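Just so you know, the protein sequences line up as chains R and X, in that order. Numbers 1 to 220, taken from my numbering, label the letters of the first sequence in order. Numbers 1001 to 1209, taken from my numbering, label the letters of the second sequence in order.
Keep in mind that the hints are not guaranteed to be accurate.
As the list claims (entries may be wrong) - If you want a taste of the chain R side facing chain X, the calculated C-beta under 7 Å gives, among others: (1) 73; (2) 97; (3) 101; (4) 102; (5) 104; (6) 163; (7) 165; (8) 216.
Treat the hints as calculated values from the structure; they're not laboratory data. Since the model is a prediction, treat every value here as computed from it, not as a measurement. Every residue, glycine too, gets a C-beta built ideally from N, C-alpha and C.
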Amino acid sequence: MKHEDRSEPPSEVGARGGFQPSSGIGSPKPRMPTTATRGAPAQKPGAHDPNETDAVDAALAASGDAHAFERLYRRHINRVHSLVRRMMGEEAEEVTQEVLVHAWQKIGTYRGEAAFGTWLHRVAVNLVLSRRAGRRRWRDRFAENDAEAMELPSKSTVHLAGLDFESAIAALPARARQVFVLHDVEGYRHEEIATMLGVTAGTSKSQLHYARMALRETLG
Amino acid sequence: MTHPQSEHWSDYIDGELPLAEARELETHLEVCGECRRLLNELRGVVARAGALEDRPPRADLWPRVSAQIGVSRRRFVFSMPELLAAGIALMLISGGGVAFLLRDEIGAPVAWIRPEPEPVVRTVATGGGYDAAIGQLQRELAKGRGSLDSSTTRVIEEKLALIDQAILDAERAVAADPGSEYLRAHLTRSRLTKLDLLRRATELTRTIS
Chain R
1 MKHEDRSEPP
11 SEVGARGGFQ
21 PSSGIGSPKP
31 RMPTTATRGA
41 PAQKPGAHDP
51 NETDAVDAAL
61 AASGDAHAFE
71 RLYRRHINRV
81 HSLVRRMMGE
91 EAEEVTQEVL
101 VHAWQKIGTY
111 RGEAAFGTWL
121 HRVAVNLVLS
131 RRAGRRRWRD
141 RFAENDAEAM
151 ELPSKSTVHL
161 AGLDFESAIA
171 ALPARARQVF
181 VLHDVEGYRH
191 EEIATMLGVT
201 AGTSKSQLHY
211 ARMALRETLG
Chain X
1001 MTHPQSEHWS
1011 DYIDGELPLA
1021 EARELETHLE
1031 VCGECRRLLN
1041 ELRGVVARAG
1051 ALEDRPPRAD
1061 LWPRVSAQIG
1071 VSRRRFVFSM
1081 PELLAAGIAL
1091 MLISGGGVAF
1101 LLRDEIGAPV
1111 AWIRPEPEPV
1121 VRTVATGGGY
1131 DAAIGQLQRE
1141 LAKGRGSLDS
1151 STTRVIEEKL
1161 ALIDQAILDA
1171 ERAVAADPGS
1181 EYLRAHLTRS
1191 RLTKLDLLRR
1201 ATELTRTIS
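Input sequences plus hints: build the corresponding full structure.
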């Protein structure tokens, strides 16, 4: 789990680059928390910046203050659990719990260069992906041919019509679901997703498009 | 009519299509209702993804998390080189620190615990949690100072004086330009650096004693 010791995720996570269509078509604003100061409105003297609040509590938590960590938990639990749930395709509360325990154990590596939420989300993503990789290695011992490749599943394998949007995301094939959540919900870029998943950026794009095409059925 | 590969529409939405190809797609859109519908549907999916609401777990996980993390309070062990390295880092964080080094009274004794000056600017890092943590660490450090040798004590005193000066400089800068995000972030970092140094020094006394 080499990512877990990183004190700061890539600084440009979530930023959109490249051509922006002249017709105004574009992606929604990334939901990933960004660095402590980028894009933040000017604070009035005495106002509490959430990123500063997180930084103080993270420093206190790193010194062993469980109350400070609970405050961080309260502020971030909904986002972290939603991320884990969508990535796993199920409630996965035990995984969310594992993420938070892991964050407590590793919080000393958080140096405050990026927003605490950004760091915490990266911890969650890495843990979800490492669990999946672990399961795959275990399964591979019993199956010579791993059917779960990065190839796109046939379109007939998923039927999402009639499902609400969250349920439809959960019903996507695992890899397409993860790419969709990381890109369209969390705001990671294809290059970052490719690194996390160990695939090419082109594969990430293909999986994303597959997911979007499948999810169209839920919009009716 | 020949339609573009559907995957190109995702690239188009994400702004990842070369300009010339994007223009070709836009030209095609003007005459193809089917592709306009597909594009709108894909845009709808992307918009839905960006508007998803977060929701909490079905049950509060904190009791289970706290049970796992509360069983043992982590202990930090820092070597003297690490502590000295932290001190050197402190010297670099503020131009005010450098100026302080040049003052005549550099060799003057510094009180181990000084009353916290009333901050010029109040931010979250002067809130109750921070102040309480600083006070607690200072009291603990005062109790454990007897376990440190005189040279270590002097290094810590000097570094604390440096960081206090850096904090004061940063507070004055923020007071002069309260709208500056950079200065406010700098002030927060300075205060957190003091917290970190006190934490490390306290851990050192625990380790030795």
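Cross-check of the supplied hints:
no.: 1; hint: 73; verdict: 6 Å, holds
no.: 2; hint: 97; verdict: 5 Å, holds
no.: 3; hint: 101; verdict: 5 Å, holds
no.: 4; hint: 102; verdict: 10 Å, violated
no.: 5; hint: 104; verdict: 5 Å, holds
no.: 6; hint: 163; verdict: 12 Å, violated
no.: 7; hint: 165; verdict: 5 Å, holds
no.: 8; hint: 216; verdict: 4 Å, holds
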